[in-house]
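Colleague: Assemble chain B onto chain A, guided by the hints.
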Amino acid sequence: MAKALVLIEQKEGNIKKASLEVVATLKANGYQVSTICFGDNLSSSSSKLASQAGDQGAETLYLVNDSSLKFYQPDTYKDTIAKSFADGGYTVLAGAATALVKDLFPTLAIKLEAGLVTDCIDFKTEGSSVVVKRPNLAGKYFTTVKVKSPKAALSLRPNVFKLQTPSGKAANIVEHPAAKDSTKTKVAAVEGNTQSARPDLTEAERIVSGGRSLKSGENFKILEELADAIGAAVGASRAAVDAGFVPHGMQVGQTGKTVNPNLYIACGISGAIQHLAGMKTSKIVVAINTDPEAPIFQKADYGAIGDLFQVVPALTQEFKKLLSQG
Amino acid sequence: MSLKLKSMKIAVLVKQCPDTETKAKLTSNNLDLSGVKFILNPYDEFGVEEAIKTRDATKGTATVISVGPDRVVDAERTALAMGCDDAIHIKVSEEEYKNCDSYVIAKALSEVIKQKGFQIVFSGKQAIDDDALAVPQMVAELLGWSRATVVTKLEGISEGVIKARRSVEGGAEEVVELTAPAVIAANKGLNTPRYASLPGIMKAKQKKVEVIPLESLGLGAKDSRVEIIAAELPAEKAAGKVFKGTPEELAKQIVDALRNEAKVI
Chain A
1 MAKALVLIEQ
11 KEGNIKKASL
21 EVVATLKANG
31 YQVSTICFGD
41 NLSSSSSKLA
51 SQAGDQGAET
61 LYLVNDSSLK
71 FYQPDTYKDT
81 IAKSFADGGY
91 TVLAGAATAL
101 VKDLFPTLAI
111 KLEAGLVTDC
121 IDFKTEGSSV
131 VVKRPNLAGK
141 YFTTVKVKSP
151 KAALSLRPNV
161 FKLQTPSGKA
171 ANIVEHPAAK
181 DSTKTKVAAV
191 EGNTQSARPD
201 LTEAERIVSG
211 GRSLKSGENF
221 KILEELADAI
231 GAAVGASRAA
241 VDAGFVPHGM
251 QVGQTGKTVN
261 PNLYIACGIS
271 GAIQHLAGMK
281 TSKIVVAINT
291 DPEAPIFQKA
301 DYGAIGDLFQ
311 VVPALTQEFK
321 KLLSQG
Chain B
327 MSLKLKSMKI
337 AVLVKQCPDT
347 ETKAKLTSNN
357 LDLSGVKFIL
367 NPYDEFGVEE
377 AIKTRDATKG
387 TATVISVGPD
397 RVVDAERTAL
407 AMGCDDAIHI
417 KVSEEEYKNC
427 DSYVIAKALS
437 EVIKQKGFQI
447 VFSGKQAIDD
457 DALAVPQMVA
467 ELLGWSRATV
477 VTKLEGISEG
487 VIKARRSVEG
497 GAEEVVELTA
507 PAVIAANKGL
517 NTPRYASLPG
527 IMKAKQKKVE
537 VIPLESLGLG
547 AKDSRVEIIA
557 AELPAEKAAG
567 KVFKGTPEEL
577 AKQIVDALRN
587 EAKVI
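As you go down the protein sequences, you meet chains A and B in turn.
Residue 170 in this note's numbering sits at position 170 of the first sequence, and the numbers go up by one each step.
Residue 487 in this note's numbering sits at position 161 of the second sequence, and the numbers go up by one each step.
Treat the hints with caution; some may be incorrect.
To be verified - Simulated DEER-style distance windows between Cβ atoms:
1) ALA86/A / ASP358/B: 38 to 46 Å
2) LYS283/A / ASP411/B: 42 to 50 Å
3) PRO539/B / LYS11/A: 45 to 53 Å
4) THR518/B / GLY192/A: 17 to 25 Å
5) SER167/A / GLU562/B: 32 to 40 Å
6) LYS83/A / VAL537/B: 40 to 48 Å
7) ASP411/B / ASP242/A: 24 to 32 Å
Simulated from the structure, these hints should not be mistaken for lab results.
For glycine and all other residues, C-beta sits at the position ideal for the given N, C-alpha and C.
With the rest of the complex left out, here is chain A:
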């Protein structure tokens, strides 16, 4: 049976859903799946991590628990995974297409002499080859890509692949030492919005997004209230970022983030092609705008012509009512 190593990311002792989707997908495709997880304080959560990984089909959980790993350290991650991969006889390295994996996997592809495909939205095997599908030109077309080399390094887009029914079987925990061969790149600190209760935009299942019509950063509060009612992340158009309402980290679209939620609520966003480039693979799009001619309505499953300052608070109330009923 072919073997796959999945890099899983955890946050406060829970494995990210996007990482679990990768475990589930490899398992469903017949791989024997091992997982590897990094951190500086994993001991207390190890059994929970092992049961979450095991539920999705992982047999082994390598825990790289080291005081130097409070933050992502690219060299340690790279050298540790490379060693584990070579020792374990794996043919596939996989992870969710997160900020960390996007930075790390290209270096591992070089080190492992593996074919790299990023942001996969479909996965299958043909004989011993991996065949995946990925978006191009921000989802304007899709390509099917075959990995020619014997080894593959793949990142899978969050919110695309399904989780499996929990197996109830925990993965075996194996303590794994951190490789410290080189430290050319050191992450000294992580600053800013590290403790946000809202999900990250690129992994969010629901997003509420605002444009220039919000008129100020202060007014984003009404979007935050809506987002919190439905557990969504908050995004923005480039116009709102350039106007200084919100930081660039919230920008959706070209020169911002590409998002892939189940539900995208665009409030006062006209729908410039650069914005659409970042959100067009959203499953359901709701647009709220006073201008019936706004291009966003062409992409919306549901459009509401109205003033966002009135419609958004009404929508928040309506969601709260619905969700309190269960």
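Modeller: This is chain B only, laid out in the frame that chain A set:
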């Protein structure tokens, strides 16, 4: 940014990409390039600007490098018009280029960077056509250099250490210390790219573009580790519903549709 180095030899990697407005038409396994308008990858403008600023501060040289068919020289000319000093075109036919994966491109770039003795490399964080975010890190790994991607601020370049900030998930920023030499892949926000001036555009026509055939580096599509075997357009989305009414009526209709029709709430 504090710069303590003198006359740095700087390279900036650029890619020519289809314009954002491109309407995708396909061949059996790729984008049909006839009628496509090409631009300098928008993220690379931040890399070019940083290369020019670093060149000015260190009284060094800024060289543009790109891999591709003859058309990619247009993107290099844009960077030259902004102010880069000269360019290297790693030349490959359109047909062969289509089948070169990120590994082949990175390998070619790293060979040229090594040969020419560049001391620092800038690039954009990703190209807007394949959005892979792969080549800068691969180049760094092939050279044995450090790298930082998605860089929003350079806080200092000194003899041994480069300090940078990069954006990570949730709007947070990592503060990273890189052992030089390094590859710096720029995010929006690192700087404000200058426009090419008319005299700049005129001057760019005279600047030197050295051509290095890809095959002279012993590389080609045969070395690719992945292969595109098919291309397809996304399924057309059916026209959506548009609601009208008072704010309360609109809210009720949206919530009802999301719960009972789309089933996402």
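Colleague: Within 45 to 53 Å: is that where the Cβ-Cβ distance between PRO539/B and LYS11/A falls?
Modeller: holds (48 Å)
Colleague: Indicate whether the distance between the beta carbons of LYS283/A and ASP411/B respects the range 42 to 50 Å.
Modeller: holds (48 Å)
Colleague: For the pair THR518/B and GLY192/A, does the Cβ-Cβ distance stay inside 17 to 25 Å?
Modeller: Since THR518/B and GLY192/A have Cβ atoms about 21 Å apart, the given range 17 to 25 Å holds.
Colleague: Do the beta carbons of LYS83/A and VAL537/B sit within 40 to 48 Å of each other?
Modeller: holds (41 Å)
Colleague: Starting from the range 24 to 32 Å, see whether the pair ASP411/B and ASP242/A falls in it by beta-carbon distance.
Modeller: Cβ of ASP411/B to Cβ of ASP242/A: about 31 Å, so the range 24 to 32 Å holds.
Colleague: ALA86/A and ASP358/B, beta-carbon distance inside 38 to 46 Å?
Modeller: Given a distance of about 42 Å, which is inside 38 to 46 Å, the answer is holds.
Colleague: Is it true that the C-beta distance of SER167/A to GLU562/B lies inside 32 to 40 Å, as the hint says?
Modeller: Check passed, 39 Å falls within 32 to 40 Å.
In summary, this structure violates none of the numbered hints.
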